[in-house]
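6 protein chains.
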Amino acid sequence: MYSLTVRDHMMIAHSFRGEVFGPAQRLHGATYVVDVTFFRSELDADNLVVDIGLAAEELKGVLSALNYRNLDDDPDFAGVNTSTEMLAAVVADRLAARVAAGALGTGAGGLERISVTLRESHIAWATYERPL
Amino acid sequence: MYSLTVRDHMMIAHSFRGEVFGPAQRLHGATYVVDVTFFRSELDADNLVVDIGLAAEELKGVLSALNYRNLDDDPDFAGVNTSTEMLAAVVADRLAARVAAGALGTGAGGLERISVTLRESHIAWATYERPL
Amino acid sequence: MYSLTVRDHMMIAHSFRGEVFGPAQRLHGATYVVDVTFFRSELDADNLVVDIGLAAEELKGVLSALNYRNLDDDPDFAGVNTSTEMLAAVVADRLAARVAAGALGTGAGGLERISVTLRESHIAWATYERPL
Amino acid sequence: MYSLTVRDHMMIAHSFRGEVFGPAQRLHGATYVVDVTFFRSELDADNLVVDIGLAAEELKGVLSALNYRNLDDDPDFAGVNTSTEMLAAVVADRLAARVAAGALGTGAGGLERISVTLRESHIAWATYERPL
Amino acid sequence: MYSLTVRDHMMIAHSFRGEVFGPAQRLHGATYVVDVTFFRSELDADNLVVDIGLAAEELKGVLSALNYRNLDDDPDFAGVNTSTEMLAAVVADRLAARVAAGALGTGAGGLERISVTLRESHIAWATYERPL
Amino acid sequence: MYSLTVRDHMMIAHSFRGEVFGPAQRLHGATYVVDVTFFRSELDADNLVVDIGLAAEELKGVLSALNYRNLDDDPDFAGVNTSTEMLAAVVADRLAARVAAGALGTGAGGLERISVTLRESHIAWATYERPL
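Going down the list, the sequences are from chains A, B, C, D, E and F.
Our numbering puts the first residue of the first sequence at 3, with every later residue one more than the last.
Our numbering puts the first residue of the second sequence at 3, with every later residue one more than the last.
Our numbering puts the first residue of the third sequence at 3, with every later residue one more than the last.
Our numbering puts the first residue of the fourth sequence at 3, with every later residue one more than the last.
Our numbering puts the first residue of the fifth sequence at 3, with every later residue one more than the last.
Our numbering puts the first residue of the sixth sequence at 3, with every later residue one more than the last.
One chain only, chain A, in its complex shape (with noise of 0.2 angstroms):
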């Protein structure tokens, strides 16, 4: 099994509901460094698992849809507590609609799984892995 990592970042703004979050029920931030990992068995013609270009200009764009931004505000997570966890599957599961519209080139049809990890600081970091 091949993957391939491309890395990039969003700072947005939430808040979450629950005592079980402490003072994380205020208003406050992340930087969220992201990292999306594209699986596949066989390599593609190029000797690629994926265009690497494409596959960063793809992640960007999801990201642009979050990036600085105030997630409290996103008609998308009204009542849901955007964890990092929930997150990593937002972006996994836009990722790959994007894949499954062409996004990626004709190469990708090879791609098989996608893994999308948010590192929230130093020591804390969660992912979410699904089939494309």
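Hints were generated in silico from the structure; no laboratory data involved.
Do not rely on the hints blindly, as some may be mistaken.
Here's a subset of chain D near chain B, in silico, CB distances under 8 angstroms, partners left out [stated by the list, open to error]: (1) M3; (2) L6; (3) R9; (4) V51; (5) D53; (6) N69; (7) L73; (8) T108.
Note that CB positions come from ideal geometry on N, CA and C, so glycine has one too.
Got chain A sorted already, so can you dock chains B, C, D, E and F onto it with the hints?
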């Protein structure tokens, strides 16, 4: 599959028995930077893999029984090589027991697997992964 | 010259005023990984730059006044752009006041300088350094 | 499942063929920081995944055939795009051959899988994983 | 003293002349992760060391003249060993010329020093620092 | 000013004397990731700060006298707290003696300063800097 990772560390002394260990047969020590990853298929009602505060607290509890100690003096490890890979399993098993005892709260019932990585330097680390 | 560094972090929301900030004029947030370095020419009687336990505790105290907050609501920052470089100075100045008040113990009398680095992502960070 | 990882690096020149590579079609180069992970279900008699000294030595041996070279001149790669993902597989396959030949000692009989990650920058890396 | 750092990277081929370089006399390559730090005593009117967007853009401009190239073919480096430390100075000097030409905006007039670090692997890096 | 840094590590056991050290008064240990930086104003005839191969070799030589040892048994440290900051000075002084003895070659005559950082965990490190 979702996962969440928390990081802490411990500083211990120990020695190894067996020619394969070379100079590490002498009493020496290590800082282990410890990454614990919790895995589950669905998030809990708060959109979390696990209460990160409780996870960090229980990890610290497990490490405090080993931290700032000479493992050669620990009866639990009598006659045993406390290699990095073996200690990763010790931390994972002790955390698994705490999870089973309910220390991570009711939401933790959905946890399926745990993985523990001990980083002993910038060029070597070991991992142990097991079901919960 | 000797120095000792301790690391912690904080997660805040804020917005900026001025065209130079582009999309960062919107309410967003950041995780700042905070490295504080203490400098002195000679070690204390225990062979230390500073009691690392006290240093970490005082750093956490300074950060707790900012952590999990929207800095736009903090009267101390009314009308001020809370840039990474400006916040590095805030943390340094507040720690310097605690050092001057004796919070780091008698051995800390020999401290000469302090430097604070705030890492806002894997590709950007800022530092402020001042005498003690 | 247990695993152990060792890190080394190599510095090579190469060029790519195909429009997808853009400016990387020109002769350029890369530092690859190489992480090799060995997997097994049970530890050996010394409580190890593998003799870390032998593992590091064999990894260095495999890398030395590539290190400080222009891969465009290597007959093994004639007409082949030496992408990061493809080179990860080359390193893994060559290490697997050494393991099969007994280079990691008798305890290494229990090794089940190997994974090789090549980090080409702070924002991109590739992995190849295969059975042993 | 305040400072702000931005990170980017470049991937080049080159060779060295002189016995001291051993196997690095052969044509090989490197990824340089490049950290540029700008220093000044007082922040500008926006509370910034420098417009981080402009700084990143100018850095990318300087690197693009070197990136994805064989430095042995660059007339600027004819007969010169393009060591990591020498390339750090090249990047610093070229950025300094852009700062002097006003590329970082009017606020950048207060910049006093620049420092460039090139990281060639996880175990080696070089820095050049100069006044502005 | 130019500088070049090389990284290595050592793994030692030790204990501390004094209430300030709390549980670290017990015999424990540490991995120190060691970064040594050499400074000079002008590069040598090969465009280098120092022969990186020799620098790495001499660093390994200095560390080998400490590595895989219990520092409490080392007569050089009798009655001394081998704190991270103190050990940084020990490594720097021993390397400085080797530089003075010509171990880094004739080009090393231009070296002006040396700095040694010992990283004891992901959240703490110490540095000692001195002239050469």
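Hint compliance check: list the failing hint numbers for this structure, sorted ascending.
6, 7, 8
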